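**Q** Sequence:
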Amino acid sequence: MLSDDERRRLEELEAGLREEDPQFSHAFTTPVPSLGSRRRRVAVWLGVVAGIAVVTGLILGNVPTVVVAICAVGVAAALWLPPR
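Residue numbers (our numbering): 8 to 91.
Simulated from the structure, these hints should not be mistaken for laboratory data.
None of these values were measured; they are calculated from a predicted model.
Here a beta-carbon is modelled for each residue, glycine too, at the ideal position from N, C-alpha and C.
Just so you know, not all the hints are guaranteed correct.
Unchecked claim - Simulated restraints, written as ranges between beta carbons of each label pair:
id : residue 1 : residue 2 : range
1  : GLU13     : HIS33     : 18 to 26 Å
2  : THR72     : LEU17     : 36 to 44 Å
3  : GLU13     : LEU65     : 46 to 54 Å
4  : VAL49     : VAL70     : 22 to 30 Å
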């Protein structure tokens with residue numbers, strides 16, 4: 008728990024940051040998409056399956072499988088990021 012003095016100092020720092028760099032400050036106040044969204048669930052499952060395929064392809068020495076699986080990992084990462 009913060010003391011009143013620490014809380015006041017923190018509020019001063021926050022206000023200074025908002026004045027100095029409002030764009031940076033805004034990045035912390037915008038809501039993050041829900042982790043339970045359908046898009047993120049699809050990304051997680053695709054990433055898990057692709058990760059398993061990468062490991063399996065490496066163990067079996069199957070280069071095309073590894074390449075396709077790494078591409079699928081990239082797609083999963085793109086799905087994970089919030090839309091612009």
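**Q** Each hint: holds or not?
**A** Against the structure, the hints:
1. GLU13 - HIS33: 18 to 26 Å: 25 Å, holds
2. THR72 - LEU17: 36 to 44 Å: For THR72 and LEU17 the Cβ distance comes to about 52 Å; the hint is violated.
3. GLU13 - LEU65: 46 to 54 Å: 51 Å, holds
4. VAL49 - VAL70: 22 to 30 Å: 27 Å, holds
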